[in-house]
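Trainee: Same order as they appear, the protein sequences are chains A and B.
Position 174 of the first sequence, counted from 1, bears residue number 174 in our numbering, the numbering being contiguous throughout.
Position 134 of the second sequence, counted from 1, bears residue number 134 in our numbering, the numbering being contiguous throughout.
One or more hints might be untrue.
Claimed, not checked - Here are the computed lysine to aspartate or glutamate pairs in the EDC-like style, where the Cα-Cα straight-line distance is at most 16 Å:
id: 1; chain 1: B; residue 1: LYS137; chain 2: B; residue 2: ASP21
id: 2; chain 1: A; residue 1: LYS208; chain 2: B; residue 2: ASP43
id: 3; chain 1: B; residue 1: LYS109; chain 2: A; residue 2: ASP199
id: 4; chain 1: A; residue 1: LYS172; chain 2: A; residue 2: ASP209
id: 5; chain 1: A; residue 1: LYS72; chain 2: A; residue 2: ASP227
id: 6; chain 1: A; residue 1: LYS169; chain 2: A; residue 2: ASP209
The hints are simulated quantities; they were obtained by calculation from the structure and are not laboratory data.
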Amino acid sequence: MPSTTKYFISTLIFLAASGAWGQEKKKEKEKVKTSFSPTGIRVGTDLIDLTKNFAGKTFKGWEVNGDIDFSKYYLVADVGSWAKTLPLSNGTYNNGGGYFRLGVDVNLLGNDPDKNMFFLGFRVAHAGFHESVTYQATSTQLFAPNPVNLTNSHVTGGWGELTSGLRVKVWKGFWMGYTARLKLAPGAKGGGGALVPYDMPGYGLIQKDPWWGFNYQVFWRIAWKKDQVPPKK
Amino acid sequence: MKFAFPLLFCALFASCFNEGDCLISATNYMHVQFKKKSSITVDTAIAFTGITVSGTDSVLTYTATVTEILLPIDIGHPTTTFIFHRINTLDSAMVATDTLQVQYTTQSKIIAPSCGAFTYYQNLKLEKTSLNTAQYKVFSTSLLKDPASTGTAAYAVNYQIFY
Numbered sequence: 001m002p003s004t005t006k007y008f009i010s011t012l013i014f015l016a017a018s019g020a021w022g023q024e025k026k027k028e029k030e031k032v033k034t035s036f037s038p039t040g041i042r043v044g045t046d047l048i049d050l051t052k053n054f055a056g057k058t059f060k061g062w063e064v065n066g067d068i069d070f071s072k073y074y075l076v077a078d079v080g081s082w083a084k085t086l087p088l089s090n091g092t093y094n095n096g097g098g099y100f101r102l103g104v105d106v107n108l109l110g111n112d113p114d115k116n117m118f119f120l121g122f123r124v125a126h127a128g129f130h131e132s133v134t135y136q137a138t139s140t141q142l143f144a145p146n147p148v149n150l151t152n153s154h155v156t157g158g159w160g161e162l163t164s165g166l167r168v169k170v171w172k173g174f175w176m177g178y179t180a181r182l183k184l185a186p187g188a189k190g191g192g193g194a195l196v197p198y199d200m201p202g203y204g205l206i207q208k209d210p211w212w213g214f215n216y217q218v219f220w221r222i223a224w225k226k227d228q229v230p231p232k233k
Numbered sequence: 001m002k003f004a005f006p007l008l009f010c011a012l013f014a015s016c017f018n019e020g021d022c023l024i025s026a027t028n029y030m031h032v033q034f035k036k037k038s039s040i041t042v043d044t045a046i047a048f049t050g051i052t053v054s055g056t057d058s059v060l061t062y063t064a065t066v067t068e069i070l071l072p073i074d075i076g077h078p079t080t081t082f083i084f085h086r087i088n089t090l091d092s093a094m095v096a097t098d099t100l101q102v103q104y105t106t107q108s109k110i111i112a113p114s115c116g117a118f119t120y121y122q123n124l125k126l127e128k129t130s131l132n133t134a135q136y137k138v139f140s141t142s143l144l145k146d147p148a149s150t151g152t153a154a155y156a157v158n159y160q161i162f163y
């Protein structure tokens, strides 16, 4: 065998071996990267809802948000309550009830060691509420105004959401951020038909499809495990 | 140029808060057209001394012949009875008295806080009538008005009566 051929074969074996070693190293890295074991829970609230309680007399409500990390994926749950008193041009509308959302966010920054996020996600939401309206029905001819007083005592509804937002670590376990929501496909049932459901807690005006929402949130994170994020190259 | 993005942002969100115009299609008027019995697509002019409406002491009066009328239903009750006192268009002699009793359900909708809540009358049904079944035809079972139009034509046709 000529020496050049020997040299060529030796080089191939070396490259193949080093390639295999490189693959092993890559696999190890991937193993660390794809650890889906959750490392902590982040619990927060919406500051806009809290501010609205003090800003006017038409809204009373709160919302609590939480997420758990599974690498760059976050399981998200929100629970909230709202009650509205809206003066109408010919009467008054009231509602009150609770809602929850469940969904997943994908961190586009990857598995960030500080749990900072720029995310896209989705939610499935459910609400249960009651509502009532009082107004004067009028006739343009012959008949006197007729007072109308209607109540939907138990309405249930649901909708979907596409979400995007930010979470930024500000200090130790404290994060701030926002969530923008595109709310879709609202549905409500159980009203009885005499009053068309108007405002669904967590969604807003049912006749608006799609509708939008925005939360400005603060979070506190309780970690139970140190994150295994591979060192950067 | 540097203000272009903030302006666009404001315009985008302002449009979200814009409640728009109050376009109300609710009405308590029932639209009735009169057609010839011999040719049901042709209008026929009818004269009345008056139309009595239940739930009120007032009587609707007409000084001229009409080919279609708007009848107000009683907003406080689930039925309204109309009695047509029909007269001959030539000599004003009494021809007949026709009775129509309609039944309906109501549904309330809130359009917007600035517009208010409105009652929609639906499932209109001719409960009792002195007319025979070949003498009338049912069209829309809801009382609706096109908010962009005016006049009798703005109201959905509910019944055609053939004389």
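Trainee: All hints are to be evaluated individually against the structure, with a verdict given for each.
Mentor: Evaluated hints:
no.: 1; hint: B:LYS137 with B:ASP21; verdict: violated, 35 Å
no.: 2; hint: A:LYS208 with B:ASP43; verdict: violated, 42 Å
no.: 3; hint: B:LYS109 with A:ASP199; verdict: holds, 11 Å
no.: 4; hint: A:LYS172 with A:ASP209; verdict: violated, 40 Å
no.: 5; hint: A:LYS72 with A:ASP227; verdict: holds, 11 Å
no.: 6; hint: A:LYS169 with A:ASP209; verdict: violated, 34 Å
Consistency with the previously given hints fails for numbers 1, 2, 4 and 6, ordered from lowest to highest.
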